[in-house]
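Novice: Below are the chains, spelled out letter by letter.
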Amino acid sequence: MDVTTLLIGKARNVIDYFADPVFNWGRRNSIWMLHLGIKCCALEWGPFIARFDAERFGIGPRASPRHCDLMIVAGPITHKFAPKFKMLYEQMPEPKWVIAMGDCAISGGPFFDSYNIIRGVDKLVPVDVYVPGCPPRPETMLDGMFKLQELIKKRKGGYYTCGP
Amino acid sequence: MNLYGVVLWLLTAIINSIAIPIIAWLGNLLWFIRPVTDFAIALLKNDAFLNFVVVFAEAFIILIYIALFIIILLWFERKMWGRFQDRRGPMHVGYAGLLQIFADMMKIFGKEDIIPKKADKLLFTLCPIIVTATAFLALVALPMSDGFVIARLDGGLLFVFAAFSLAPLGVFIGGWGANNKYTLQGALRGAAQMISYEVPLLFSVLGVVMLAGSFNIMDIVHRQTIWYALLQPIGLFVFFTAATAEIERPPFDIPEAESELVAGWQTEYAGMKYGICWVAEWIRMYVGAALVVLLFFGGWNGPWLPQEIWFQIKLWIILIFMIWVRQSFPRPRIDQLLNLGWKRLLPLSIVNIVLTIGIVASGWLG
Amino acid sequence: MSAEEVAGEMKKKFPEADVRIPRASRLTASVKKEVLLDVCSFLKDAGFDHLSSIAGVDRAENFEVAYFLWSYEKKILVTLKTAVQKENPRIQSVIKIWEGANWHEREAYDMFGIVFEGHPDLRRLLMPEDFVGHPLRKDFKLPEVE
Amino acid sequence: MAEMWINMGPQHPATHGLWDLRIKVDGDMILDADPQIGYIHRGIEKLGENRNYTQFIPLADRTGYASPMTWAILYVLTVEELMDIKVPPRATYIRTIAFELQRMASHLLFVYGMAENVGAMWPPLVYAYRERELLLDLFQILTGARFHFNYPRIGGVKWDIPQTFEAQTKKALDVIESKLKEYERMFDESEIFLMRTKGVAVLRKEDAIRMGVTGPTLRACGVKEDLRKSEPYMCYSDFDFGIPTGKNGDLYDRWVVRIAEIRESAKIVRQALDRIPGGAVATKVPAAVVKSVTVLDGETGYEDLCVIMAKVPKVIKPPPGEAYVRVEDSRGESAMYIISDGTERPYRIKIRSPIFCTLSALKYMMRGARVADVPPIMEGIDILLSEVDR
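Here the protein sequences come in this chain order: A, B, C and D.
Numbering-wise (numbering that gives the first Met the number 0), the first sequence opens with residue 0 and increments by one.
Numbering-wise (numbering that gives the first Met the number 0), the second sequence opens with residue 0 and increments by one.
Numbering-wise (numbering that gives the first Met the number 0), the third sequence opens with residue 0 and increments by one.
Numbering-wise (numbering that gives the first Met the number 0), the fourth sequence opens with residue 0 and increments by one.
These are calculated hints, taken from the structure and not from any lab test.
Among the hints, a few may not be true.
Distance condition first, Cα-Cα at most 20 Å in a straight line; then the derived DMTMM-like pairs of lysine to aspartate or glutamate [stated by the list, open to error]: (1) C:Lys140 to A:Asp112; (2) D:Lys85 to D:Asp237; (3) C:Lys43 to D:Asp340; (4) D:Lys223 to C:Asp57; (5) C:Lys74 to D:Glu205; (6) B:Lys180 to D:Asp27; (7) C:Lys73 to D:Glu230; (8) C:Lys140 to D:Asp340; (9) D:Lys246 to D:Glu230; (10) C:Lys140 to D:Glu48; (11) D:Lys283 to D:Glu80; (12) C:Lys140 to D:Glu343; (13) C:Lys85 to C:Asp48; (14) C:Lys137 to D:Asp340; (15) D:Lys178 to B:Asp85.
From the structure, some residues in chain A lie toward chain B, with a derived Cβ separation under 10 Å [to be verified]: (16) Ser29; (17) Phe56; (18) Ser63.
Since this is a predicted model, take the numbers as computed values, not measurements.
A virtual CB, placed ideally from N, CA and C, is assigned to each residue, including glycine.
Generate the whole structure from the sequences, applying the supplied hints.
Specialist: Here it is as structure tokens:
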């Protein structure tokens, strides 16, 4: 390893040391989720936003995948939807997270042996938090969000992964 | 009485009693920089240069003020939305969610900046710049008090409108450049909306201009012994409606209508570009609300309190009203919106002009 | 007009049809697929405006297509059944009689591979275009789950 | 501007569930619409053939997620007709109450969707959810779940209504009825809402009947047709309630009809609560073969469990035959067609979804509409893709 790369690496470490807490604080307190209502679980977003007021924690829905940080997969992914689902995931800018909400997204749930269901969304995109339930109650969903916040808090060197 | 005097006094005090002695002391200490310090002291005692410093300081203060204003406005608007919707709004980031907007900002700073492969890169990048720059440009001629104005233009009102109405151009090229059907639809709607609401917007102001006899915003404010809102109720209504449409705020946010066009012309913007567009919307909201206050509600005129405080009080009342309107109405369709613009607001503003001509010509107002 | 009267008229007009009344205001009829369109237009003229549903069934020896018809005036539900052979299943489309049959027939085509002749737009409805097989046939087995 | 196709979906803020509405537009005018469905096709009908009769109840819940109770009740009604089971009157009443509460919850969801899709009317959107929560709380008392209740059983219901249920229901109904007035003030007095809905997406009576449109959408066209009246199932013939109809068949009429239906449902629930008879909530399912019930020796409480969990044996084998049962769902006529071959699994389950048929009538509603009208039109028929795709 030559000296320049070593120095750059060191400099990055130093910057990360100071930048990480700031950026991660911002990221975990401002989670915008993609408005992708697949099935039943999407109906629990309403109480999640209205009654349990997710905006208290800076969580809110956005329509365009380009504006979002979080994709909540609220239902089973079918073979017909899978390519478009992947495209949606790719359209989201880094850093991005995925929550598999409900049994259908985690493993196929009650439709596990169907001919048209992909058993588990983690076969298509990387999943950060699994929120079980059929459907999960909004409280469970909030808990899942807190788990995600903890995950973001531990994120290292996040500043460089998002650059061009 | 205004805070501008205080600021000016502070500035002169800093220059005269801190900056000049320090520079002189430095010159005494280090003989070899003596020519430079002499020149600096001469500059600081020169009125023309001092004027430049003052304008620069003013611009800087207004920039800081606008940044703070947007942060507080965003927080306030979110809190108000929460209250309207029977919930609480941001709560847990900072005290009562005050730091929520900082969190959003930090997140957006750190986001990946995506430019779609088939987009026109130049136009795509130009759009947020134009939208934001024109919004800032309008601030140049927008006074806050007798003193706090960067440029005292005779045609200040026209300048503000000119800057104000450039933004849809940015929207249009951005929407076209993103190479997406939703953005294109949004951009076309934006263009249509701009063309049809520019006219009533300017016409509704003509009544005010005639009453005041000037295009200079300072003069208009000074001549408002009675609020023009009382003399020009039609003008106020038309202006408020058209301004809401111009700044693309709900219920007239048709170019970015969320439920039908995803996010309209902003659909493809990610990261900082989206953040800039977002900020521009709120600056434009400030400009719109400030114009309403300046033209119709006597600007900073008011007893006892400093001018800037009066201006802020009136401004926030207008802003609260705008937020209220946003929460109360559904979104009209584009054709209905254009109909409203051409067939209702334009005739109304013309009627307003005719009435005002009558009033002015009859000399009732002296 | 009660279910019995409709049954009587059907019997008169289509002697080959097997018409039964399992319970009040229900009528079940099995017809040959050649006369299906005639029976359908007869029923439509008799006031059966509402095509509730079209169901394909994979019987052991042949496919069965069941039409459920409801009359708003008479309050009678008619189940009209017709058999289609398994090899190259083809049947006349009823879309000219009840336009609402459009998607039902597309679904039956998708799920059973029954071709409806005269359907203007017979594409797969629910499954992706490149899907092989017809899921609701009995010989289509569900994937093995590990 | 040249004509172009726009894909509204599969991910689009205006869709409930996933689908792809391809519209051909000329500027802002819609020339043609081509809905693509099947993005959440789970193959429930095929899965039903691989489950036994009791196991299908949860799947029936998941057929239409905005009104799971009605689907589950529809399923057990069909199996009961197949097996010719008489359900105790108390169970029927409980089912009716649950059915109507479900209709109210579903229509409140419609209010939410209307507010969202007519254009970002956030407060009513959140209010509708707030009121829906009252009903979900009731369901929670009744069944233990917010939705996907798994509550009806073949031959009855899972358990009796709890003691506090009646008082709480009446309280909730009072609140909802008072809030309905608020909605009417918020929507019907809003000039822009009237502009957006009156005369939009007009569906003529003949077109509606020809395309098999049912439910509130049909009633908004002026057809006084409701299965609860014209072919009373459960115990609807005992109650006094009206069928609200519209005149023009436009979006506004659909809105009015649905709001009126919430009131009628409340009326039915009140009557049912007042008249509910005593007795058992589940009957013994006859002629069933209990094949393999695992009873652990000495396990206490099993008997109690058997009493609580309605007296349904683990395996049910209806006699060979078929049944086609229709109910008036909150979206229209939903029906199930079950063929039994005498084994423990259904031979074929066909689900008739009301929205499936209403959706195919879309091209008549889209005629002459604009792009901005698409979300309200979608919401006007109270679209639910989970039901359509099954």
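Novice: Each of the hints needs a verdict: does it hold here or not?
Specialist: Hint check results:
1. C:Lys140 to A:Asp112: holds, 10 Å
2. D:Lys85 to D:Asp237: holds, 17 Å
3. C:Lys43 to D:Asp340: violated, 31 Å
4. D:Lys223 to C:Asp57: Since the Cα atoms of lysine 223 of chain D and aspartate 57 of chain C sit roughly 36 Å apart, the hinted pair is violated (cutoff 20 Å).
5. C:Lys74 to D:Glu205: Given that 20 Å is the threshold and the Cα spacing comes to 18 Å, the pair holds.
6. B:Lys180 to D:Asp27: Holds - the C-alpha atoms of aspartate 27 of chain D and lysine 180 of chain B are around 12 Å apart, at most 20 Å.
7. C:Lys73 to D:Glu230: holds, 11 Å
8. C:Lys140 to D:Asp340: Judged against 20 Å, a Cα distance of about 19 Å means the pair holds.
9. D:Lys246 to D:Glu230: violated, 23 Å
10. C:Lys140 to D:Glu48: holds, 11 Å
11. D:Lys283 to D:Glu80: holds, 15 Å
12. C:Lys140 to D:Glu343: holds, 18 Å
13. C:Lys85 to C:Asp48: violated, 30 Å
14. C:Lys137 to D:Asp340: OK: lysine 137 of chain C and aspartate 340 of chain D at ~14 Å, within 20 Å.
15. D:Lys178 to B:Asp85: holds, 14 Å
16. Ser29: Hint holds; serine 29 of chain A Cβ to chain B Cβ min 4 Å, cut 10 Å.
17. Phe56: Phenylalanine 56 of chain A check passes; min Cβ-Cβ to chain B is 5 Å, inside 10 Å.
18. Ser63: Cβ of serine 63 of chain A sits 4 Å from chain B, so the hint holds.
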